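Enquirer: Counting from 1, one number per residue, gives the positions in the sequence shown under UniProt numbering.
Quick caveat, the hints were computed from the structure, so don't treat them as lab data. There's no promise every hint is true.
Restricting the straight-line Cα-Cα distance to at most 25 Å, the calculated cross-link-like pairs of lysine-lysine (DSS-like) are [unchecked claim]:
(1) 138 - 229
(2) 208 - 229
(3) 208 - 138
(4) 229 - 133
(5) 148 - 138
(6) 93 - 109
What you are looking at is a predicted structure, and each value in this text was computed from that prediction instead of being measured.
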Amino acid sequence: MSNSLKASRYPFCAVVMAATNQRIALLQQVEGPRSAEELLTVLQRVVEESSPVLVSARLEAEERRNNIRLREEQDAAYRAALEADQARERQRKEEEERLAREAAEAERKRKEEEEAREREAREAAEREVALAKLREEKALSLGPEPEKGPDVTQVVVRFPSGEREGRRFNCTATIQSLYDYVDSLGRVELESYRLVSNFPRTVYGSDKVEMSLTEAGLHPQASLFIESKS
Numbered sequence: 001m002s003n004s005l006k007a008s009r010y011p012f013c014a015v016v017m018a019a020t021n022q023r024i025a026l027l028q029q030v031e032g033p034r035s036a037e038e039l040l041t042v043l044q045r046v047v048e049e050s051s052p053v054l055v056s057a058r059l060e061a062e063e064r065r066n067n068i069r070l071r072e073e074q075d076a077a078y079r080a081a082l083e084a085d086q087a088r089e090r091q092r093k094e095e096e097e098r099l100a101r102e103a104a105e106a107e108r109k110r111k112e113e114e115e116a117r118e119r120e121a122r123e124a125a126e127r128e129v130a131l132a133k134l135r136e137e138k139a140l141s142l143g144p145e146p147e148k149g150p151d152v153t154q155v156v157v158r159f160p161s162g163e164r165e166g167r168r169f170n171c172t173a174t175i176q177s178l179y180d181y182v183d184s185l186g187r188v189e190l191e192s193y194r195l196v197s198n199f200p201r202t203v204y205g206s207d208k209v210e211m212s213l214t215e216a217g218l219h220p221q222a223s224l225f226i227e228s229k230s
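Input sequences plus hints: build the corresponding full structure.
Expert: Pasting the structure below:
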């Protein structure tokens, strides 16, 4: 410090003030012994003479501080705005991703449901074709309907709807033939029913399908009705 102020004699007194670029400005220096009155006089004069400079320096310092504070506030506001923009952008992307996921999930479910419907329709059509073929086979297995005669049994079947269907069978035909006949008509679901007679009530279930109509006591004529298994 003494070198920068170029002090040559001591005691040495200097009046300095802050300058720009972190330097100091020398306002007055006093070298060598001085009385207190002389030193006070010098200091008062320096203050009076330098008052405008000090005021200006103080104003400049305040302005610099204000500028620094303003820049800091602007920087803070910019950072806050940037963070807000980034947050909104993240939210927008997250929302887009969420909507995309929901759309993909909805599309996946739609395809699964459509495939399920198509599969069910296809399976139903296949079942219907198989049932139609089975009914046709059962109808063909019956052979031609015989003419009336002593060895021919007349059978009438009443359906749950109240409708009646009748056919002639050879008395040697089995109970299974009656089931095949009912199945061939397509009025009831296969294997969902039993053939039953009244007076006395007799159920012609799976244990009697191999019996002939004569053995089952249905010759020369019989009236049966459909009874659901459920």
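Enquirer: Each of the hints needs a verdict: does it hold here or not?
Expert: Cross-check of the supplied hints:
1. Distance check on the hinted pair: residue 138 and residue 229 sit about 21 Å apart at the alpha-carbon level, within 25 Å; holds.
2. Under the criterion of a C-alpha separation no larger than 25 Å, the hint pairing residue 208 with residue 229 is consistent with the structure, at around 16 Å.
3. Using a Cα cut-off of 25 Å, the hinted pair residue 208 and residue 138 holds, with the two alpha carbons roughly 18 Å apart.
4. Of the pairs offered as hints, the one joining residue 229 and residue 133 holds, with about 24 Å between alpha carbons and a cut-off of 25 Å not exceeded.
5. Note on residue 148 and residue 138: the hinted pairing holds, with a Cα-Cα distance of about 22 Å set against a maximum of 25 Å.
6. Only pairs whose Cα atoms come within 25 Å are accepted, and residue 93 paired with residue 109 is accepted, the gap being roughly 24 Å.
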